[in-house]
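Q: Taken in order, these protein sequences are the chains called D and A.
Quick note: the first sequence, position 77, residue 77 per UniProt numbering, numbers continuous.
Quick note: the second sequence, position 341, residue 341 per UniProt numbering, numbers continuous.
The hints are simulated quantities; they were obtained by calculation from the structure and are not laboratory data.
One or more hints might be untrue.
Identical copies look the same in the list; a pair holds intra-copy or inter-copy alike.
Cut-off 27 Å, straight-line C-alpha distance, at most; resulting in silico cross-link-like pairs (DSS-like, lysine-lysine) [unchecked claim]: (1) K568 x K417; (2) K335 x K514; (3) K511 x K417; (4) K499 x K570; (5) K417 x K186; (6) K471 x K216; (7) K266 x K130; (8) K440 x K473; (9) K499 x K306; (10) K266 x K468; (11) K568 x K499; (12) K499 x K440; (13) K117 x K186; (14) K511 x K440; (15) K568 x K303; (16) K466 x K511; (17) K117 x K178; (18) K568 x K266; (19) K417 x K470; (20) K440 x K471; (21) K470 x K335; (22) K470 x K440.
Number of protein chains: 2
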Amino acid sequence: MCSQVLINPFCKGCVIFSKSLARRPLANSSWIRTLSHGTQSSNNHDFHDKSGYENSKRLMITGFGAITLAGLYYYFKKNIPTVWAHESKENEVNTVAREPGSFVEGLPVYSSDDVAKHCNESTGVWISYKSGVYDITPFIKIHPGGNKILLGAGGSVEPFWSLYAIHQQPGTLALMEKYRIGNLTKGEEHLAMANMHDPYANEPRRHPVLVVKTKKPFNAETPSSLLVESFITPTDIFYVRHHFPVPDVDLSSGNYSLEVIGLDEKHSLNLNLDQLKTAYAPHSVTAALQCSGNRRSEMNRVKPTKGLEWGQGAIGNAVWKGARLRDVLLTAGIKDSDENENWHVQFDGLDADPTNAPYAISIPLTKAMDPRGDVILAYEMNGEPLTRDHGFPLRVVVPGTTGARWVKWLTRIEVSKNESESHWQQCDYKSFNPSTDWDKVDFSTAPAIQEMPVTSVVCEPHDGEKVKLKKDKLNLRGFAWSGGGRGIVRVDVSIDLGKTWHVAELLDPVKLSKQWAWTRWQANLPVQTTGQETEIWVRAVDSSYNTQPEGMEHLWNMRGVLAVAYHKIKVLVEEN
Amino acid sequence: MCSQVLINPFCKGCVIFSKSLARRPLANSSWIRTLSHGTQSSNNHDFHDKSGYENSKRLMITGFGAITLAGLYYYFKKNIPTVWAHESKENEVNTVAREPGSFVEGLPVYSSDDVAKHCNESTGVWISYKSGVYDITPFIKIHPGGNKILLGAGGSVEPFWSLYAIHQQPGTLALMEKYRIGNLTKGEEHLAMANMHDPYANEPRRHPVLVVKTKKPFNAETPSSLLVESFITPTDIFYVRHHFPVPDVDLSSGNYSLEVIGLDEKHSLNLNLDQLKTAYAPHSVTAALQCSGNRRSEMNRVKPTKGLEWGQGAIGNAVWKGARLRDVLLTAGIKDSDENENWHVQFDGLDADPTNAPYAISIPLTKAMDPRGDVILAYEMNGEPLTRDHGFPLRVVVPGTTGARWVKWLTRIEVSKNESESHWQQCDYKSFNPSTDWDKVDFSTAPAIQEMPVTSVVCEPHDGEKVKLKKDKLNLRGFAWSGGGRGIVRVDVSIDLGKTWHVAELLDPVKLSKQWAWTRWQANLPVQTTGQETEIWVRAVDSSYNTQPEGMEHLWNMRGVLAVAYHKIKVLVEEN
Chain D
1 MCSQVLINPF
11 CKGCVIFSKS
21 LARRPLANSS
31 WIRTLSHGTQ
41 SSNNHDFHDK
51 SGYENSKRLM
61 ITGFGAITLA
71 GLYYYFKKNI
81 PTVWAHESKE
91 NEVNTVAREP
101 GSFVEGLPVY
111 SSDDVAKHCN
121 ESTGVWISYK
131 SGVYDITPFI
141 KIHPGGNKIL
151 LGAGGSVEPF
161 WSLYAIHQQP
171 GTLALMEKYR
181 IGNLTKGEEH
191 LAMANMHDPY
201 ANEPRRHPVL
211 VVKTKKPFNA
221 ETPSSLLVES
231 FITPTDIFYV
241 RHHFPVPDVD
251 LSSGNYSLEV
261 IGLDEKHSLN
271 LNLDQLKTAY
281 APHSVTAALQ
291 CSGNRRSEMN
301 RVKPTKGLEW
311 GQGAIGNAVW
321 KGARLRDVLL
331 TAGIKDSDEN
341 ENWHVQFDGL
351 DADPTNAPYA
361 ISIPLTKAMD
371 PRGDVILAYE
381 MNGEPLTRDH
391 GFPLRVVVPG
401 TTGARWVKWL
411 TRIEVSKNES
421 ESHWQQCDYK
431 SFNPSTDWDK
441 VDFSTAPAIQ
451 EMPVTSVVCE
461 PHDGEKVKLK
471 KDKLNLRGFA
481 WSGGGRGIVR
491 VDVSIDLGKT
501 WHVAELLDPV
511 KLSKQWAWTR
521 WQANLPVQTT
531 GQETEIWVRA
541 VDSSYNTQPE
551 GMEHLWNMRG
561 VLAVAYHKIK
571 VLVEEN
Chain A
1 MCSQVLINPF
11 CKGCVIFSKS
21 LARRPLANSS
31 WIRTLSHGTQ
41 SSNNHDFHDK
51 SGYENSKRLM
61 ITGFGAITLA
71 GLYYYFKKNI
81 PTVWAHESKE
91 NEVNTVAREP
101 GSFVEGLPVY
111 SSDDVAKHCN
121 ESTGVWISYK
131 SGVYDITPFI
141 KIHPGGNKIL
151 LGAGGSVEPF
161 WSLYAIHQQP
171 GTLALMEKYR
181 IGNLTKGEEH
191 LAMANMHDPY
201 ANEPRRHPVL
211 VVKTKKPFNA
221 ETPSSLLVES
231 FITPTDIFYV
241 RHHFPVPDVD
251 LSSGNYSLEV
261 IGLDEKHSLN
271 LNLDQLKTAY
281 APHSVTAALQ
291 CSGNRRSEMN
301 RVKPTKGLEW
311 GQGAIGNAVW
321 KGARLRDVLL
331 TAGIKDSDEN
341 ENWHVQFDGL
351 DADPTNAPYA
361 ISIPLTKAMD
371 PRGDVILAYE
381 MNGEPLTRDH
391 GFPLRVVVPG
401 TTGARWVKWL
411 TRIEVSKNES
421 ESHWQQCDYK
431 SFNPSTDWDK
441 VDFSTAPAIQ
451 EMPVTSVVCE
461 PHDGEKVKLK
471 KDKLNLRGFA
481 WSGGGRGIVR
491 VDVSIDLGKT
501 WHVAELLDPV
511 KLSKQWAWTR
521 WQANLPVQTT
531 GQETEIWVRA
541 VDSSYNTQPE
551 GMEHLWNMRG
561 VLAVAYHKIK
571 VLVEEN
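The following block holds chain D by itself, in its conformation from the complex:
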């Protein structure tokens, strides 16, 4: 599915949207809506009287560009060490000395219409960036994201630097120049940006203690020294992982509802938030939420992977309250039955990419229907209504399961025989072995990450810290967690490279099953000598006696997910 051919809808003879990419009308996306209809007030946007269609068309072109550039970014990042060196010798001016997208004397000049004519493999695939025109046809076959790159064909990729800040890396831009074929007609350079509203203009305020990984979309983690301070992570410092701008739902408008497609149309539901709160008994669950990519930075030390550079703080523990999904699905005609045991439940968020494809994902129906599965449609987090950053007004809470499944700004649920066809379900949040890279991966061979393996972290001290002993002992604190509700039964710590192991004290109550929450631990270890570097290892064991692999080397995977090896840090133990 990841190699499905997607075509720029403004290229002749194209299908505008595939069902799987954009099921919902444009107006369902606040991002698109803002841009195409101007229905949300924003004093600083500069919409004028162009039709919504025209505006959405423009955005869609830029959107496709973003997808293209995301691919370029991944490709370039991966190839920087080799391609850059190669290019430096062969064609230094072409890739290094020139300002990316600047006018280059002597190259042919093309209009934006010329660029638009090159929108598929038979015509060649061109894109523009500032004054530059690029033929990226040779890149298509090696694009990690498959044919999706064709969505960007024939247009400018430029507006997307405002959406995907992650692309604004000198290396990425410089290497794009390798595909440079010409200059854009003078005066057309800024066409793509004209009338462009910043979809990130209406983001919520965030706590400054969060460690920001990307601003647009916003991704930030909690400092791990704060994580261990309390069993419940305060909402304001809880890690945030977004793929797109944050939807802004105004409940008073009456526009928000949750659509539930059950067994058949007769059983389908349409619930507003009040109905959800009153028709179904509220249920509270204390559960840790962790990003599949937490601790990726440790894996990147083996070899770079593709993804946000998370430290150890893309995890938090909260009390979630909402309606049991099981209860909702029962009223939608779903039964406890062996017949549907291989079915799935799909979730769509209000957040969507520029093609209007919502962030969408699925989980096995058995998890949703399990009376002990504790899947809820949460409207509260830590005793308060959800914040916008955590999915207001409604998010799915799938305890024991990776954060990617906990869809925020939930607007649609569908029970189906198949998994979600979304990019996020099919072509992301999966893991492969270290010898599988983007050029040869077949995403269909791996299952979507649902339950996560056991992990543990030393939060205090932090890597590289200078520490003083207390009563000749080194004080350590951290957390451990495992997926599937498997409780942490032991945390082992070693300060002599595994020659001896100390059992840490578990600070939070643990059940052997349905243990959705994390478990914090502490250990006070005798240290014989000071003034030298000490390496600290921690690993946890869960109630199925799963434990962590020793190192990241053999866990390495191109996407940098499931970085669950022993956490190893070095500290300098100082004289008291």
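Add chain A to chain D, keeping to what the hints say.
A: Coordinates of chain A only, in the frame set by chain D:
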């Protein structure tokens, strides 16, 4: 609970049986029954007209001796390297040159009555072996099995060599001489063996291909090259793991029944096999059964552990058919309820130790009641009635869970708020970190092993084999399995110490959940050079993306369970 004081019932003022050790009347144990009442025909036993009580008394004395000696065996095995060396210098004659249990000139002479008077810590704890009398008081505190050793106080341990062949090791016997204090009155040396019937005289015949680890009790594994030949392991070559002699149930006698203690006495059931077959719908489950100690021999290479020296063959995959335990418990008044979610289901087998304590174990009630848990009371294995070696007429099948929970010769089920108090539940089948040894272990700190972690094995070729390439490729075959119904989603193989990994082909269908069966795999790997040793690594990934730790070193535990590191073998690749 493991330090519970147990006292030889023939020592003055002792409690004869603790509830937890021997709930059932003596006659329920075929072993005791054979010896005490002679109810089973055996032409070669030499019972005479002594009362059943006297016979059972004798057996119990010897039984306690066995427990003592089991402890001695563990202790000595652990300490052989150090104690032996120490003794060799200090007192070589005492421990090495003398035939264990032989008459020693110059030592005091004690009668068996004298020995019997020393049966607790205040009197000192003596035992006899052949002509030797031993004061093992100093050994009590360091006995790995805790105070259980006191059960053997005041009697001869000798008869138990015929029951526990594992003790017949020169090192164990020689080191026992360290505790030698005297000689037994002449003529009393063979008293303990007089009239002794061999409880292993009535064992079933076994297939000669089984690799025998101990004969009495019988423990044997399947050669791993045979394991991989078929998805279903034939019953006759399926591994066997016994703790005691094999019960011989004669259904025609009408004596066999299954007692089910449910919510209260009103709901208790007593079912014969026909009732179980007719009152409950039969349900078939294909599930792998694996011993907690499978692959222990690999862990022993790090440092010796205590247990049977299993290779990789203490696992098999079979079709089991029987009544759903859930259905039985529902008729015994157990309900689906949050109230009982921390309860347990205890199982007693007809096999029992010499104190008449049955092999007993428990599992969480939630597993038993889970409609998707597939726990059955099986009366068929691979389409035939269970064989005696596999629990005829009834065994519990707990898919996804370690073999220790699959109680054979099932005779009693009890739902309770607590786990089984048996030795097997409380003080065995648990794991600790490598720095926890017998002298400081607290068994209550670890949960009983239930679900098992993911494992994988190379079955072909075997370690040390000389192999020829086929079309320049090295052909590998093996199996992988994970507990909790987590399907195997990937098997990785490396022949260059993990620098590159090849994805193996999975030969059997896999589900992501309820995958109780194992998954066989094969890989054909290109090998560049022949004539040299090649190391092969295999590791598996399950549907929760758990994978195996790299090595046994940090997995090591004193009991040698859960040896689930990468399987690593070396082969010599020969010129074609």
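Q: Against this structure, judge whether each hint is valid.
A: How the hints compare with the structure:
In this assembly of identical chains, K568 and K417 lie within 27 Å of each other by CA distance neither inside one copy nor across copies; the values are 43 Å within and 40 Å between. Taking CA atoms no more than 27 Å apart as the test, K335 paired with K514 passes in both settings, with 22 Å inside one copy and 19 Å between copies. Taking the closest pair of Cα atoms, K511 and K417 come within 27 Å of each other only across two copies (15 Å); inside a single copy the shortest separation is 33 Å, beyond that limit. Within a single copy, K499 and K570 get their C-alpha atoms as close as 16 Å, and across copies as close as 26 Å, so both meet the 27 Å cut-off.
Taking CA atoms no more than 27 Å apart as the test, K417 paired with K186 passes in neither setting, with 53 Å inside one copy and 81 Å between copies. Within a single copy, K471 and K216 get their C-alpha atoms no closer than 47 Å, and across copies no closer than 54 Å, so neither meets the 27 Å cut-off. Taking the shortest Cα distances, K266 and K130 never come within 27 Å of each other, neither inside one copy (52 Å) nor across copies (84 Å). In the homo-oligomer, the alpha carbons of K440 and K473 lie at most 27 Å apart only across protomers (22 Å), although the nearest pairing inside one protomer, at 50 Å, exceeds that limit.
Proximity of K499 and K306 under a CA criterion of 27 Å is satisfied inter-copy only: 20 Å between copies versus 34 Å inside one chain copy. Taking the closest pair of Cα atoms, K266 and K468 never come within 27 Å of each other, the shortest separation being 67 Å inside a single copy and 64 Å across copies. Within a single copy, K568 and K499 get their C-alpha atoms as close as 14 Å, and across copies as close as 21 Å, so both meet the 27 Å cut-off. Taking CA atoms no more than 27 Å apart as the test, K499 paired with K440 passes between copies only; the shortest distance there is 17 Å, against 40 Å inside one copy.
For a Cα distance limit of 27 Å, the shortest separation of K117 from K186 inside one copy, 18 Å, qualifies, whereas the shortest one across copies, 111 Å, does not. In the homo-oligomer, the alpha carbons of K511 and K440 lie at most 27 Å apart only across protomers (25 Å), although the nearest pairing inside one protomer, at 42 Å, exceeds that limit. Taking the shortest Cα distances, K568 and K303 sit within 27 Å of each other both inside one copy (17 Å) and across copies (25 Å). Proximity of K466 to K511 under the C-alpha cut-off of 27 Å is found in neither arrangement, the shortest distances being 36 Å within a copy and 49 Å between copies.
Taking identical chains as interchangeable, the C-alpha atoms of K117 and K178 lie at most 27 Å apart only when both belong to the same chain, with a minimum of 21 Å there against 95 Å between chains. Taking the closest pair of Cα atoms, K568 and K266 never come within 27 Å of each other, the shortest separation being 55 Å inside a single copy and 57 Å across copies. For a Cα distance limit of 27 Å, the shortest separation of K417 from K470 qualifies neither inside one copy, at 58 Å, nor across copies, at 42 Å. In this homomeric assembly, K440 and K471 come within 27 Å of each other (Cα to Cα) only across copies, at 24 Å, whereas the closest approach inside a single copy is 55 Å.
For a Cα distance limit of 27 Å, the shortest separation of K470 from K335 qualifies neither inside one copy, at 58 Å, nor across copies, at 52 Å. Taking identical chains as interchangeable, the C-alpha atoms of K470 and K440 lie at most 27 Å apart only when they sit on different chains, with a minimum of 26 Å there against 52 Å within one chain.
Of the hints listed earlier, those the structure fails to meet are numbers 1, 5, 6, 7, 10, 16, 18, 19 and 21, in rising order.
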